[in-house]
Amino acid sequence: MNKQKWINAAVQAGFESFEIYQQGKNERSWTWFEGKIDTFVTSRVLSTSLRGIYSGKMVNYATEDLSDDLMETIISSMKEQAGAITADEPGIIRSPQPVTEAQSQRTWVRPSAAQIKELLTEIEKRVLAYDERIFMVMREGWTEETETRSITNSLGMDLADAGTVQVLVCGAAAREGNDVKNAYRSEVIEDIAAFDRDAFVEKLCTEVLNKLNAAGLPSGTYPAIFESSAMTALFTAFSSMFSGELIAKGISPLRDKLNTPVFSELITVTDNPRRPEAAVAYAFDDEGCPTCAKTIVDHGVFRTILHNSQSASRMHTESTGNGFKDAASSPVGVHPVNCCIEPGEKSLDELCRDMKDGLVITDLAGLHAGINPVTTDFSLQCSGYTVKDGARERSVTLITVAGNFLDLLKQTAAVGNDLDWKHHTIVTPSIAFKGIAVSGE
Amino acid sequence: MNQLVLNNTLFVFFLHKGYNRTIEKGQVMLNKEQLEYCLSECMKSEADFAEIYEELEHSETIKALSGKTEDVNQVITAGLGIRLYKDLQSVYAYTNDESEDAVAALIKDLTEALGTCDKEVHLSLDEVTYTNNNPVEIDYMSIPLEEKADLLKRANDAAFSADPRIVKVQSELLNVKQEVQIANTEGRLIKDVRVRTRMMVTAFAEENGNLQSGADRPGAGMGLEFYRTVTPEETGREAARVALVNLSAKDCPSGRMPVIIDNGFGGVIFHEACGHSLEATSVARNMSVFSGKLGTKIAADCVSAVDDGTIPNAWGSQNIDDEGNFQKRRVLIENGVLKSYMIDRLNARRMGTESTSSSRRQSYQFEPTSRMTNTFILPGEDSFEELFEGIERGLYAKKMGGGSVNPQTGEFNFAVNEGYLIENGKISYPVRGASLIGNGAEILKNIDRVCSNLKTGQGMCGSLSGSIPTDVGQPTIRVSSITVGGTANE
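Each protein sequence line maps, in turn, to chains W and H. Its first residue numbered 1, the first sequence is counted upward by one per residue in my numbering. Its first residue numbered 442, the second sequence is counted upward by one per residue in my numbering.
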């Protein structure tokens with residue numbers, strides 16, 4: 001794509017400013033089943049997203065077809081878009097600003113195909129040998145992906161970065177009598193040579209075996225700990241509440257709540273796309289604004305609204321560098337990146353000992369449907385285990401937990417220390433709550 | 442050296458043959474000779490089958506807030522995926538760079554992954570033509586954006602007119618036109634154009650600081666003529682109605698109880714509790730609770746269900762599946778007995794049977810696998826009123842949200858967006874914040890009443906091969922006992 005040619009054509013067509021965002025992705029992945037390669041996938045994809053300001057309006061067009069003879073049609077469609085937009089807010093394309101590099105702690109060593117096959121063979125063997133109740137290894141696979149990102153605009157911005165990720169995924173199924181359960185585990189691996197295979201197999205197998213012979217639980221209100229992965233999933237599902245886009249529209253539960261207590265004082269939430277220990281570090285967001293560290297909730301008090309340029313303009317403030325896209329073809333939204341609930345002092349075992357009797361929730365399902373982001377009400381299928389006298393008692397399944405997320409966070413009893421940045425850009429440690437409604441038998 | 446030779450060969454070939462032009466100026470698809478050449482190159486390997494899937498999709502989303510058009514996003518998706526089989530192994534490559542170098546590199550990656558050889562395959566493709574089962578009357582691409590934005594304005598105005606407590610209305614119009622071309626080494630070359638439209642309206646009602654929402658999201662596999670029969674005004678009013686009901690709703694009680702699930706999107710219970718577990722993706726590897734159960738009783742006598750991709754202009758319909766086979770009506774369950782799974786080509790090999798034309802994918806970026814189309818429970822004979830008889834305390838789930846399932850264990854969940862408590866056989870008061878959970882194998886046997894009022898609802902289904910449009914549906918049904926997750930413990 002001749003970017004300058006497209007930018008010049010847009011400017012000549014009357015655009016006040018014009019921007020080209022490109023994301024390139026190269027991927028190789030293998031899946032393994034019963035001792036041999038099941039599938040192999042390779043891909044090379046370049047996505048291009050155009051946006052421009054015409055008659056003061058922001059317009060968007062994403063295309064995977066970069067033929068120059070399509071240029072005129074697309075630019076003309078973008079002008080038509082401007083005529084259809086009736087919202088009053090002026091669109092904004094950013095001028096370049098100095099960006100300092102984000103230092104990632106990750107060092108990726110790309111393995112050979114032979115090393116990957118050896119790893120997948122070995123993990124499959126070890127999982128099957130772990131316990132006679134484990135009868136199947138499923139969807140075992142290795143994926144490696146390199147991603148490039150660039151932003152070029154008519155105001156002189158010309159930014160680019162690149163990232164890599166390598167992930168091992170493995171599922172295991174176990175049977176005891178008629179009871180069948182499964183579990184999946186993924187691990188981001190920088191260097192296969194340094195990967196602890198035994199620990200991975202141990203965690204996966206323990207998880208699936210612990211699920212066997214799970215029973216229900218009588219309905220009631222229980223003290224509960226959301227284990228780190230379950231709490232991360234729940235917090236992520238509600239993380240749009242900090243978005244300036246939704247707050248400006250008046251449909252965030254935190255509208256009109258800035259500088260007021262919204263959670264327990266035990267809860268502090270921070271966001272820093274540059275965080276070096278995270279899986280990916282971003283020096284700039286998807287509209288070229290430099291990223292920075294910020295405290296969103298400080299000891300329970302809501303202190304910072306996240307913004308992109310557009311939402312910041314609506315609320316007469318500055319972007320916080322949180323203008324990220326859902327996908328390469330999406331318009332720029334507002335998203336927390338490398339955001340966490342800050343860890344406390346205690347391990348999960350210590351949280352269980354302090355709780356004495358209660359419930360630990362390890363898995364949540366149905367998060368795409370069972371939550372209401374406006375009211376923060378939720379009702380979700382879950383599984384986990386009961387705790388008696390501070391120790392694990394028995395596994396539970398097919399129960400629901402229900403409540404209101406804001407109320408739940410006000411009921412925080414303690415925050416754990418088990419924060420793990422390996423997999424996600426939004427994470428939390430395990431958190432203990434004074435009580436939650438459980439529906440079961 | 443190999444790559445260079447292959448690249449050069451393809452380059453000369455492309456240069457002389459030129460391109461076909463399709464939907465948009467600029468974008469191309471491979472022509473018959475190019476496809477034959479590429480497929481032959483694929484077979485210079487240990488592959489026993491090869492397929493090329495090409496896609497060109499245009500989509501547009503118009504978003505409005507409280508009557509003002511805020512965003513328009515248009516997207517062109519254009520790329521191809523090449524798939525090779527060797528017995529039960531599959532290798533897949535995709536790209537949106539359709540230059541000769543890129544396609545050649547993909548073929549090289551794939552043939553090397555399976556093992557190359559010098560066998561010469563002379564291939565002749567026959568293009569299959571057919572009558573379009575999903576005709577479009579008003580092509581959205583020929584209508585100015587402002588006219589389409591006006592459809593949202595009509596929905597917005599109707600929602601606001603419903604009640605002064607409606608304070609905001611978010612609305613979205615989605616239009617998609619996807620053109621696909623599929624060619625394989627069995628000599629088949631076939632094309633399809635899939636058009637769909639959907640309007641999504643969320644209304645927000647506020648009273649004394651209590652903000653609640655309600656939504657309605659109808660759609661179809663047709664052009665803008667859809668909005669003549671399902672008017673934007675109806676959609677706006679329905680979203681407002683649900684938001685207003687939720688304003689006065691109380692917390693939902695929890696525990697096991699009988700539940701009446703209304704027609705239409707209520708069919709998500711069958712989709713989650715049973716449908717996914719009948720897909721060959723899970724069945725072929727004994728990863729489903731219904732593996733090995735063909736011909737056996739898996740549901741109550743009153744339950745018969747189908748997956749039908751041939752319903753003209755339905756949201757989940759297509760002329761052909763994503764492996765180029767004509768869509769079918771599949772009877773899944775007849776009077777409680779399991780009659781068929783949903784099977785794609787690769788899993789048919791694994792299962793030693795034939796494909797049921799059930800292969801689908803979101804785009805060229807996904808390898809296809811067995812998926813649902815329009816899946817619903819067939820009508821029974823009970824009347825709506827009869828379903829409430831004898832229920833001392835239960836839940837009437839009028840409007841459902843989405844759900845999910847673990848096919849191997851059968852454990853599923855789904856959300857209730859509009860619900861009412863039933864007391865002594867009558868609707869008592871609205872409740873909110875409910876979900877339903879259970880085990881698919883158990884729930885199918887607990888359906889004890891089926892009405893005659895079949896209706897479908899539209900959803901996006903996410904699974905291994907991406908997010909695809911599917912209709913769910915059913916008449917109103919009664920489940921004698923299911924766990925309701927709520928907050929009001931008593």
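Hints in this document: simulated from the structure, not taken from any laboratory. Note that CB positions come from ideal geometry on N, CA and C, so glycine has one too. Errors might be hidden in some of the hints.
Unchecked claim - Here are a few chain W residues that face chain H, going by a calculated C-beta distance under 7 Å:
hint : residue
1    : T39
2    : S43
3    : T63
4    : E124
5    : K125
6    : T146
7    : S150
8    : S329
9    : D363
10   : G366
11   : G370
12   : V374
13   : Q381
14   : T400
15   : A402
Hints versus structure:
Look at T39 of chain W: its Cβ gets to within about 5 Å of chain H, closer than 7 Å, so that hint holds up. At a threshold of 7 Å, the smallest CB-CB gap from S43 of chain W to chain H is about 5 Å, leaving the interface hint in force. Satisfaction of the interface hint for T63 of chain W is found here, the shortest Cβ-Cβ separation to chain H being roughly 4 Å, below the 7 Å cut-off. The interface hint given for E124 of chain W is violated, since its Cβ lies 14 Å from the closest Cβ of chain H, which is over the 7 Å cut-off.
Against a cut-off of 7 Å between C-beta atoms, the interface hint on K125 of chain W is violated, since the closest Cβ of chain H lies about 18 Å away. Using the Cβ-Cβ criterion of 7 Å, the hint placing T146 of chain W at the interface with chain H is not satisfied: the shortest such distance is roughly 14 Å. Because the smallest distance between the Cβ of S150 of chain W and any Cβ of chain H comes to about 16 Å, over 7 Å, the interface hint for this residue is violated. Proximity of S329 of chain W to chain H holds as hinted, the smallest CB-CB distance being about 5 Å (cut-off 7 Å).
Interface hint status for D363 of chain W: violated, as the beta-carbon distance to the closest one in chain H is roughly 10 Å, over 7 Å. Among the interface hints, the one on G366 of chain W holds; its C-beta lies about 4 Å from the nearest C-beta in chain H, closer than the 7 Å criterion. With a cut of 7 Å, the hint placing G370 of chain W at the interface with chain H holds, because the nearest CB-to-CB distance is about 4 Å. Hint status for V374 of chain W: holds, given a least beta-carbon distance of 5 Å to chain H, under 7 Å.
The beta carbon of Q381 of chain W comes within 4 Å of a beta carbon in chain H, closer than 7 Å, and the hint placing it at the interface holds. Nearest Cβ of chain H to the Cβ of T400 of chain W: about 3 Å, under the 7 Å cut. The hint holds. Taking 7 Å as the C-beta contact cut-off toward chain H, the hint placing A402 of chain W at the interface holds, the least distance being around 5 Å.
Checked against the numbered hints given earlier, the structure breaks hints 4, 5, 6, 7 and 9 and satisfies all the rest.
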